[in-house]
Amino acid sequence: MKKTILIADDSESVREVVSFTLENAGYNVLVSVDGEDAMKHLNGGDIHLVVTDLHMPKMDGISLIREIRSNEVYKGVPILFLTTESQNSKKEEAKIAGATGWIVKPFMADKLLSAVQKVIR
Amino acid sequence: MDLFKVKFINEAADLINSLEESVLSLENNRGDSALIEQIFRVMHTFKGNSNMFGFDKIGEFTHHLETIYDLVRAKKIVINAEIFNVTLLSVDHIKNLLKDEKLQDANILKTHTRLLDEIVGIIKAYDKNTVRNDSQGSEKVSSDQLKTFHISFIPDTSILLRGNNLLYLIDDLLSLGEGKAFPNIDRVPSLKEMEYTSCYISWDIFLATSEDEAEIKEVFMFVEGECELKVKCIFQNGNLFLGNRFVLEVDKNSLFAGYSSVENLLSIASQKEITVDLSNVADNKSAHLNKEASSIKVSSDKLDELMSLVSELVITQARLSLFSEESHNAELNVIAENIEKISRRLRDNTFNICLVPIGSMHTRFKRLVRDLGNELNKEVDFIVEGSETELDKTIVESITDPLLHIIRNSMDHGIEKTEDRIKSGKPAKGKIILRAYYSGANVHLEIIDDGAGLDPEKIKRKAIEKGLIQSDNKLTKKEIFDLIFLPGFSTAEKVTGISGRGVGMDVVSRNITEIRGDITVESTLGEGTKITIILPLTLSIIDGLLVRIAQTHFIIPLSSVAKCYEVKHEVFVNNFKELIVLEGKQLPYMYLRDEFAIHENCPEIEQVVVVKYEDKQIGISVDSIVGEYQAVLKPLGKLYRSVQIISGATILGDGSVALVMDTNQMIKQLSIQHKNKELAYEQ
Chain Z
3 MKKTILIADD SESVREVVSF TLENAGYNVL VSVDGEDAMK HLNGGDIHLV
53 VTDLHMPKMD GISLIREIRS NEVYKGVPIL FLTTESQNSK KEEAKIAGAT
103 GWIVKPFMAD KLLSAVQKVI R
Chain R
461 MDLFKVKFIN EAADLINSLE ESVLSLENNR GDSALIEQIF RVMHTFKGNS
511 NMFGFDKIGE FTHHLETIYD LVRAKKIVIN AEIFNVTLLS VDHIKNLLKD
561 EKLQDANILK THTRLLDEIV GIIKAYDKNT VRNDSQGSEK VSSDQLKTFH
611 ISFIPDTSIL LRGNNLLYLI DDLLSLGEGK AFPNIDRVPS LKEMEYTSCY
661 ISWDIFLATS EDEAEIKEVF MFVEGECELK VKCIFQNGNL FLGNRFVLEV
711 DKNSLFAGYS SVENLLSIAS QKEITVDLSN VADNKSAHLN KEASSIKVSS
761 DKLDELMSLV SELVITQARL SLFSEESHNA ELNVIAENIE KISRRLRDNT
811 FNICLVPIGS MHTRFKRLVR DLGNELNKEV DFIVEGSETE LDKTIVESIT
861 DPLLHIIRNS MDHGIEKTED RIKSGKPAKG KIILRAYYSG ANVHLEIIDD
911 GAGLDPEKIK RKAIEKGLIQ SDNKLTKKEI FDLIFLPGFS TAEKVTGISG
961 RGVGMDVVSR NITEIRGDIT VESTLGEGTK ITIILPLTLS IIDGLLVRIA
1011 QTHFIIPLSS VAKCYEVKHE VFVNNFKELI VLEGKQLPYM YLRDEFAIHE
1061 NCPEIEQVVV VKYEDKQIGI SVDSIVGEYQ AVLKPLGKLY RSVQIISGAT
1111 ILGDGSVALV MDTNQMIKQL SIQHKNKELA YEQ
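Chains Z and R, in that order, are what the protein sequence lines are. Take 3 as the starting number for the first sequence in our numbering and just add one per residue. Take 461 as the starting number for the second sequence in our numbering and just add one per residue.
To be clear, the hints were calculated from the coordinates, so they are not data collected in a lab. Heads up, the beta-carbon is just placed ideally off N, CA and C, and yes, glycines get one too. A portion of the hints provided could be inaccurate.
[Claimed, not checked] Label pairs and their in silico Cβ distance ranges: (1) H788/R with E25/Z: 18 to 26 Å; (2) E25/Z with D492/R: 35 to 43 Å; (3) V75/Z with E1088/R: 57 to 65 Å; (4) L763/R with K113/Z: 33 to 41 Å; (5) G28/Z with N488/R: 44 to 52 Å; (6) M110/Z with L1018/R: 56 to 64 Å; (7) E1088/R with E25/Z: 33 to 41 Å; (8) D841/R with V106/Z: 42 to 50 Å; (9) T878/R with V106/Z: 25 to 33 Å; (10) V75/Z with I802/R: 41 to 49 Å; (11) M110/Z with I813/R: 30 to 38 Å.
[To be verified] Listing some non-contacts, in silico: residues in chain R with all C-beta distances to chain Z over 10 Å: (12) L475; (13) K507; (14) N511; (15) M512; (16) L621; (17) L629; (18) V679; (19) M681; (20) E785; (21) E786; (22) E839; (23) T984.
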């Protein structure tokens, strides 16, 4: 059974690259443009993994992570966030909020896949 | 990856524009921390994307720029004019970089180095240590030498709460080489005390691998801080597993107890997955629907093609309607009417898709006003009203340059110097308003400034000087203002680099006429100037009145038709003043039979279509009125460009061509003719 991954990123090009890579690797991919949008998807169906950017308009990544972790239904879903090397404080914040792991931007396909495969198969 | 690069560049343009806009807003509202946050976020996204798509130069450049805003954000430096200038110059530079990533152009390279120096300068001024060396490429040295490690992995009981799957981690670890994992169930409590979300198991893993310790730790990078991890090299030279004794030894000690609990964990995990997967099937559909609710981006080529297809459809539909009418077949009539209804809706929908809000261009204007304000030392507020008003994208594209020119003029000639403003009792800060609103089938754009206004006397003198009018011409104020649209007219006493090269307003007016728009000026000396541009909502299809002269069909835009009258042919013969009396009012008219040199089969009773434009009305004589018609406008060839009273052509249902008349031009021409005639009479 194909696993479904939800991407939340306000940048279209990142969404495209990530979903292209993941779809090629055999995952179902849903995309959303920010935290609020992502929550709609989460409420709409089973998601096996959330890949989110931290900086987004409306609801940012950290709030999204907190929101997911405090939801009884899907609080166990793994969450990876996209980050740049320079953002160590953000990384800590995201981890404390309950993120599973992270992917460092810029990334290549193999890096993305290896991170994803650390949490879902 | 190239496909993505194109995507990135398209998106980058958007990001840069929104950045520019935010920076400009921030300049007017320096304390707005939400804006600073937004700027930082956009820069950050932009940097990340640039790096990801291989635009390293842009990434590096934006990184430094972002550092400034990070400091601003943290209130470590105060934003000042220097930072604004550098940021805006950088925005321009990044636009260039997108075209020339490799810095092949010497000028761009020069700008690049200069701006980088300035940016780094600002950061250094705050703190020398802030500038970080980005090249962190730590070389990984891995030898082929196999080593055997003992890894003790004791996760916190709460580790599963973050969605980690520890079995995957252990799989990952074992994939690094050859090894075996032994679970310990010492911590597993009695069933009563057990929390199903907690992890009680720990692992001892023996691994023979050529990777080093760092690589092993990287496997656990996501759970670092949530577990106790010890990695110890127990054998430097090779795989201990080769010696069966070691493996047997380990097995004996921990195998029996261990495996049963791994199985437990596995079965819990797999049960969880099964339920997930089943519900997944049902919800997939709704999830996909959600996905499509948001907007999508379509390349403009595709829209153009859609537009031209719809145009073709409308033409074909017209043929069908004509055919069905002639066939007197009731069933066919119904179908034809339905198709007409649907194609009309399709046409309207497609138009809608091609509309973009005026607001999409206002960043450029704001920027212009800001830059010019600095250059000319004038303080000006630029206000956009009705930025949600929508126009066809091709119109927006062709209106941008004329608008830039008009705003430039307002800044340069319109708004006075600050001291002059204060002297004449005006607020020190000038104001330029760009207002857009719908009016019928048109969109009105007004550019209003509260500057010095136009001096009719000065304009008239200038026009006489330049030989554009005769000294005894009697002109209304409005007609005098219209003179500024004549080629070769420039009132600027001193030609500046910004405006006043005398090629300005006539080009503006020509550009606007080319898209069937119209431009007028109103001005009160000392109070300001208002320039109004009236634009059609769309360029490609118009509702028209189909008329006929002898065998030729013409289209008159329905939006300008006021009334239709029947007039006897004799009225037009022996008419010296070229005026007809309709409902007791004298009206100038254009006798189209003469205009187009059609002389055969003149009917006894002709039709006069009264068309209006602003406050003027004229009559147009035709043989008969056929009816309403949706005309798909096709441009005429270059050879016909000089024919001003025709704005295009359309193809009729039977395949013949009908010319579309530009009634605004007709009215203008006619009023000029009449003016000249009156003058001739007076002399």
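Here's how the hints hold up against the structure:
no., hint, verdict
1, H788/R with E25/Z: 18 to 26 Å, "57 Å, violated"
2, E25/Z with D492/R: 35 to 43 Å, "40 Å, holds"
3, V75/Z with E1088/R: 57 to 65 Å, "59 Å, holds"
4, L763/R with K113/Z: 33 to 41 Å, "37 Å, holds"
5, G28/Z with N488/R: 44 to 52 Å, "51 Å, holds"
6, M110/Z with L1018/R: 56 to 64 Å, "59 Å, holds"
7, E1088/R with E25/Z: 33 to 41 Å, "51 Å, violated"
8, D841/R with V106/Z: 42 to 50 Å, "44 Å, holds"
9, T878/R with V106/Z: 25 to 33 Å, "52 Å, violated"
10, V75/Z with I802/R: 41 to 49 Å, "45 Å, holds"
11, M110/Z with I813/R: 30 to 38 Å, "37 Å, holds"
12, L475, "8 Å, violated"
13, K507, "7 Å, violated"
14, N511, "4 Å, violated"
15, M512, "4 Å, violated"
16, L621, "7 Å, violated"
17, L629, "7 Å, violated"
18, V679, "8 Å, violated"
19, M681, "7 Å, violated"
20, E785, "49 Å, holds"
21, E786, "52 Å, holds"
22, E839, "32 Å, holds"
23, T984, "44 Å, holds"
Of the numbered hints stated above, those contradicted by the structure are hints 1, 7, 9, 12, 13, 14, 15, 16, 17, 18 and 19, listed in ascending order.
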